[in-house]
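A.B. asks: Sequences listed follow chains C and X, in order. Counting in my numbering, the first sequence runs from 1 upward without gaps. Counting in my numbering, the second sequence runs from 1 upward without gaps.
Any given hint could turn out to be false.
Restraint-style ranges between C-beta atoms, simulated for each label pair [what the hints assert, rightly or not]:
no. : chain 1 : residue 1 : chain 2 : residue 2 : range
1   : C       : G206      : X       : R276      : 18 to 26 angstroms
2   : X       : H142      : C       : Q268      : 20 to 28 angstroms
3   : C       : G123      : X       : D248      : 41 to 49 angstroms
4   : X       : Q302      : C       : H154      : 30 to 38 angstroms
5   : X       : R276      : C       : R20       : 45 to 53 angstroms
6   : X       : S159      : C       : A79       : 32 to 40 angstroms
7   : X       : G21       : C       : R3        : 57 to 65 angstroms
8   : X       : S159      : C       : Y152      : 35 to 43 angstroms
9   : C       : Q268      : X       : R92       : 54 to 62 angstroms
10  : C       : S144      : X       : R332      : 31 to 39 angstroms
11  : C       : G206      : X       : R272      : 20 to 28 angstroms
12  : X       : E81       : C       : A239      : 56 to 64 angstroms
Covered stretches of chain C (in silico footprint by chain X; criterion: 3 or more residues with CB under 8 angstroms from a CB of chain X, positions within the stretch not fixed) [said to hold, decoys possible]:
no. : stretch
13  : 25-36
14  : 132-138
15  : 178-192
16  : 270-276
Hint data in this document are derived by calculation from the structure and do not stem from the laboratory. The beta carbon of each residue, even a glycine, is placed where N, CA and C say it ideally should be.
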Amino acid sequence: MARVLEVRDLRVEFRSRGKRVRAVNGVSFHLDDGETLGLVGESGCGKSVTALSIMRLIPRPPGRIVEGEAEFEGRDLLALSDDEIRRVRGNSIAMVFQDPMTSLNPVLSVGRQIGEALRVHRGMGRLAARKRTIELLEQVGIPSARQRVDDYPHQFSGGMRQRVMIAMALSCEPRVLIADEPTTALDVTIQAQILELLKRLQGELGMAMILITHDLGVMAGVADRVCVMYAGYIVESAAVDEAFKLPRHPYTLGLHRSLPNLVRGPRQRLVPIEGLPPDLANPQPGCPFQPRCQFRLDRCANENPDLEEVTPLHAIACWVDVTGGDRHTGQPRHPGVAVAG
Amino acid sequence: MSAEELLRVSNLKVYFTQTRGVLLRHGTGIVRAVDDVSFSLRRGETLGLVGESGSGKSSLGRAILQLRRPTSGSVLFEGVELTTLSGQRLRRLRRKTQMIFQDPYASLNPRMTVGRILAEPIRLHRLTSGAGVRRRVSELLHLVGLNPDFAHRYPHEFSGGQRQRIGIARALAVNPSLIVCDEPVSALDVSIRAQLINLLEDLQQRLQLTYLFIAHDLSVVRHISDVVAVMYLGKLVEVADSDDVYEDPLHPYTQALLSAVPIPDPDLERRRRRVRLEGDIPTALDPPSGCRFRTRCQYAQQRCSDEEPALVEVRSGHSVACHFWEQIAATRSAAMVKEVS
Numbered sequence: 001m002a003r004v005l006e007v008r009d010l011r012v013e014f015r016s017r018g019k020r021v022r023a024v025n026g027v028s029f030h031l032d033d034g035e036t037l038g039l040v041g042e043s044g045c046g047k048s049v050t051a052l053s054i055m056r057l058i059p060r061p062p063g064r065i066v067e068g069e070a071e072f073e074g075r076d077l078l079a080l081s082d083d084e085i086r087r088v089r090g091n092s093i094a095m096v097f098q099d100p101m102t103s104l105n106p107v108l109s110v111g112r113q114i115g116e117a118l119r120v121h122r123g124m125g126r127l128a129a130r131k132r133t134i135e136l137l138e139q140v141g142i143p144s145a146r147q148r149v150d151d152y153p154h155q156f157s158g159g160m161r162q163r164v165m166i167a168m169a170l171s172c173e174p175r176v177l178i179a180d181e182p183t184t185a186l187d188v189t190i191q192a193q194i195l196e197l198l199k200r201l202q203g204e205l206g207m208a209m210i211l212i213t214h215d216l217g218v219m220a221g222v223a224d225r226v227c228v229m230y231a232g233y234i235v236e237s238a239a240v241d242e243a244f245k246l247p248r249h250p251y252t253l254g255l256h257r258s259l260p261n262l263v264r265g266p267r268q269r270l271v272p273i274e275g276l277p278p279d280l281a282n283p284q285p286g287c288p289f290q291p292r293c294q295f296r297l298d299r300c301a302n303e304n305p306d307l308e309e310v311t312p313l314h315a316i317a318c319w320v321d322v323t324g325g326d327r328h329t330g331q332p333r334h335p336g337v338a339v340a341g
Numbered sequence: 001m002s003a004e005e006l007l008r009v010s011n012l013k014v015y016f017t018q019t020r021g022v023l024l025r026h027g028t029g030i031v032r033a034v035d036d037v038s039f040s041l042r043r044g045e046t047l048g049l050v051g052e053s054g055s056g057k058s059s060l061g062r063a064i065l066q067l068r069r070p071t072s073g074s075v076l077f078e079g080v081e082l083t084t085l086s087g088q089r090l091r092r093l094r095r096k097t098q099m100i101f102q103d104p105y106a107s108l109n110p111r112m113t114v115g116r117i118l119a120e121p122i123r124l125h126r127l128t129s130g131a132g133v134r135r136r137v138s139e140l141l142h143l144v145g146l147n148p149d150f151a152h153r154y155p156h157e158f159s160g161g162q163r164q165r166i167g168i169a170r171a172l173a174v175n176p177s178l179i180v181c182d183e184p185v186s187a188l189d190v191s192i193r194a195q196l197i198n199l200l201e202d203l204q205q206r207l208q209l210t211y212l213f214i215a216h217d218l219s220v221v222r223h224i225s226d227v228v229a230v231m232y233l234g235k236l237v238e239v240a241d242s243d244d245v246y247e248d249p250l251h252p253y254t255q256a257l258l259s260a261v262p263i264p265d266p267d268l269e270r271r272r273r274r275v276r277l278e279g280d281i282p283t284a285l286d287p288p289s290g291c292r293f294r295t296r297c298q299y300a301q302q303r304c305s306d307e308e309p310a311l312v313e314v315r316s317g318h319s320v321a322c323h324f325w326e327q328i329a330a331t332r333s334a335a336m337v338k339e340v341s
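Take these sequences, add in the hints, and give me the full structure.
C.D. replies: So this is what it looks like as structure tokens:
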């Protein structure tokens, strides 16, 4: 599979009340053609900031991309001029946000907003853009699209508004779609509709997708590969099946154990991760998860491990592999015991 | 579990008048947020109330506590009718019924220290005075797992999970027997959510609390509830023991809802066959005739629009409001047999 996007050592900071908040601390990952990469983590872990940095949508000030590269079609997105990145944004890389009501313009009809991208990026005339817009609305499953193209965002329900956002993102047939919590604001039955739509359209258009979510269930159903983020670091990266069945980082294991189970039988007490996430304005030496980690070793307090492969395509940033494997030999000693309880 | 009935809600209705205009204010319609709901709750039990946005679950919770007076119907709490109580007598009973809100930040006064927030209900209900108040505040903070020295701090100095602990401490300040928890963990991250769920379970055990637990997250509800009630457009459509609702749902809406929940298991997600629910939840301003779910139901027939199904106990402790639940159950098990063979 061809590599479509490669992010290397991305660091992003924000200034807040005179302090430097280190939101993203050297994140590297890649995205192949047609695949779905999931970025999962809790609030403040840097998953959205990572995505916004690729799109160069970090407001400056207070934000600043300190260093890093994002290679896309042979160019570094982080080094492009404002004009150049504008030609990429919404054209070959598009984005869908969590809240369609605040990301749509309330005083313009949805047709005009979708058409805008086509006219700007594709140089289409008004009529051609309108015709294509109606096709797009039909493609995302909006009933009687021809009548609804002139409606305003408030005339749509939450699920329908998210469909409009998706139509807009797909208008220029992007190679990469970044979906940032696309279903978090929606009810579960509507969420199921939208996720199914995204998967279907991804297949039809052959695009690659970065899905950002805090919901491990959504991740399990959509992603091919998963990067788990904590405190601005990627702490585990693996194919979706391994990330769920054989998590190797204590944080990933902790997330699984914190979840109440919908399917399995008798009720068991949840095993939460004790403590709170770290203060990103006041980083401590060592591993950022160490104060909450039950597998902590002495060295964890001083040395922050890099993200390294333990087995092919499965990497963790941890001195301890919770499956019992040694991160340098790659042999799990107790495979399969990870998600007990 | 004791069999003593703590709460009995009968034929409860909460209607809102939708109004238009400022000077010439006039009603334009009636929103039937809760329409003829009956159920009962035993002491020490947890009833989980699930449904999507707009189903009326929060309105029901508020009407039970008389925070919003119901339009009609009865709420019997410890044998006392609450809907006709007022003044002093209502206030006295309110001590026994408390609420925990979704957004702990919006429900705590930012200008008051935590100590004052917790002392206020104790003083108002004249439970103790002087040094006794201070002692009780420390005791409450300790009870919810916070450092008693935090009493002099303000809400903004706490994290989301800690604020929710303060909200719980405030509810406990007056020694209630019934607590309505309205989406108490929805705003929290996974790892913190598990801490709070465990806390709520511990407190229930220690203080013999009865919970009405309102949530849209079906996994959380399954974990915490003894009995689950499913609500759709102001009506209860199914009520049963938690395991029965999840293992053997009888109402087509419950079936669809459960099949829409993403499960954090990639294998299962791939194999699962979803009941697809088309469209959005209709408006409670003009609900469909007959069965309110019929517009989205794959099994709907003429009878469903002519005649409203009553909530009937069809098996021991398992009630459902559907004309065709038996046929649907037969069809489903036939389909399952086919799938297996």
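A.B. asks: In ascending order, which of the hints set out earlier in this document are inconsistent with the structure?
C.D. replies: Hints 3, 9, 13, 14 contradicted; others consistent.
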